[in-house]
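> Note that the protein sequences, when read in sequence, are chains E and P. Each residue of the first sequence is one higher than the one before, starting from 1 at the first, in the working numbering. Each residue of the second sequence is one higher than the one before, starting from 1 at the first, in the working numbering.
For the record, the hints were derived by calculation from the structure and aren't laboratory data. Heads up, some of the hints might be wrong.
[What the hints assert, rightly or not] Examples of chain P residues toward chain E, derived with CB under 10 Å:
hint	residue
1	Q6
2	P8
3	Y36
4	K93
5	F100
6	S104
All C-beta atoms in this analysis are idealised placements derived from N, C-alpha and C, irrespective of residue type, glycine included.
Residue strings, one per chain:
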Amino acid sequence: EAGVTQSPTHLIKTRGQQVTLRCSPISGHTSVYWYQQALGLGLQFLLWYDEGEERNRGNFPPRFSGRQFPNYSSELNVNALELEDSALYLCASSLAPLAVYNEQFFGPGTRLTVL
Amino acid sequence: GENVEQHPSTLSVQEGDSAVIKCTYSDSASNYFPWYKQELGKGPQLIIDIRSNVGEKKDQRIAVTLNKTAKHFSLHITETQPEDSAVYFCAAKGPNFNKFYFGSGTKLNVKP
């Protein structure tokens, strides 16, 4: 069974540009999470989508947004890129949130570099 | 909200020795505590987890303990091997939301 997949693997952008990252969850998983992992730091929660709806949001500005499609895949959009947006962006998926204990499975991440 | 603290930030052990990583959490309602291993250039992988109704769980060389009263949980790796070298993250999740709070990570180096 395929795991969580993310594209692209690496991305280089300049300040002020916009970027779209993509994630496909494990088959059967309806929840998708996005995290930002800056170099040498822990995972910071960005967004949680389930059944096409944004369910929760971390402490990030509105220029970080996303959506979830009917097939449960997801996009993360970052507008007006800033240098400090350079990080590894991780996507994770899990079963429906009604399950009491949800394991998260992570993708390999997209390395974003903002110059 | 929940706050998870993880110590130490780096840990260096000799091959064959044991390694212990500790985490504390602030929200007594948290009930699920996974541990992840992240190798260089890869996403985190779940290695073991524990639920709040259990005090200890083992899986071969890896064990996790949970003290709900003190609100801390620990990862124990015995007979460490060079391939255990990675960054380890603890996390906590509450019962009414699907948001995971992560520790800041521990870089484990196992010297051959």
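> For each hint, tell me whether it holds in the structure or not.
Checked hints:
Because the smallest distance between the Cβ of Q6 of chain P and any Cβ of chain E comes to about 8 Å, under 10 Å, the interface hint for this residue holds. Hint on P8 of chain P is violated. Least Cβ distance to chain E is approximately 14 Å, over the 10 Å limit. A hinted interface residue such as Y36 of chain P counts as satisfied when its beta carbon comes closer than 10 Å to some beta carbon of chain E; here the least separation is about 8 Å, so the hint holds. Because the smallest distance between the Cβ of K93 of chain P and any Cβ of chain E comes to about 7 Å, under 10 Å, the interface hint for this residue holds.
For F100 of chain P, the suggested interface contact is upheld, since its CB lies about 6 Å from the closest CB of chain E, less than 10 Å. Taken as an interface hint, S104 of chain P checks out: its beta carbon lies about 4 Å from the nearest beta carbon of chain E, inside 10 Å.
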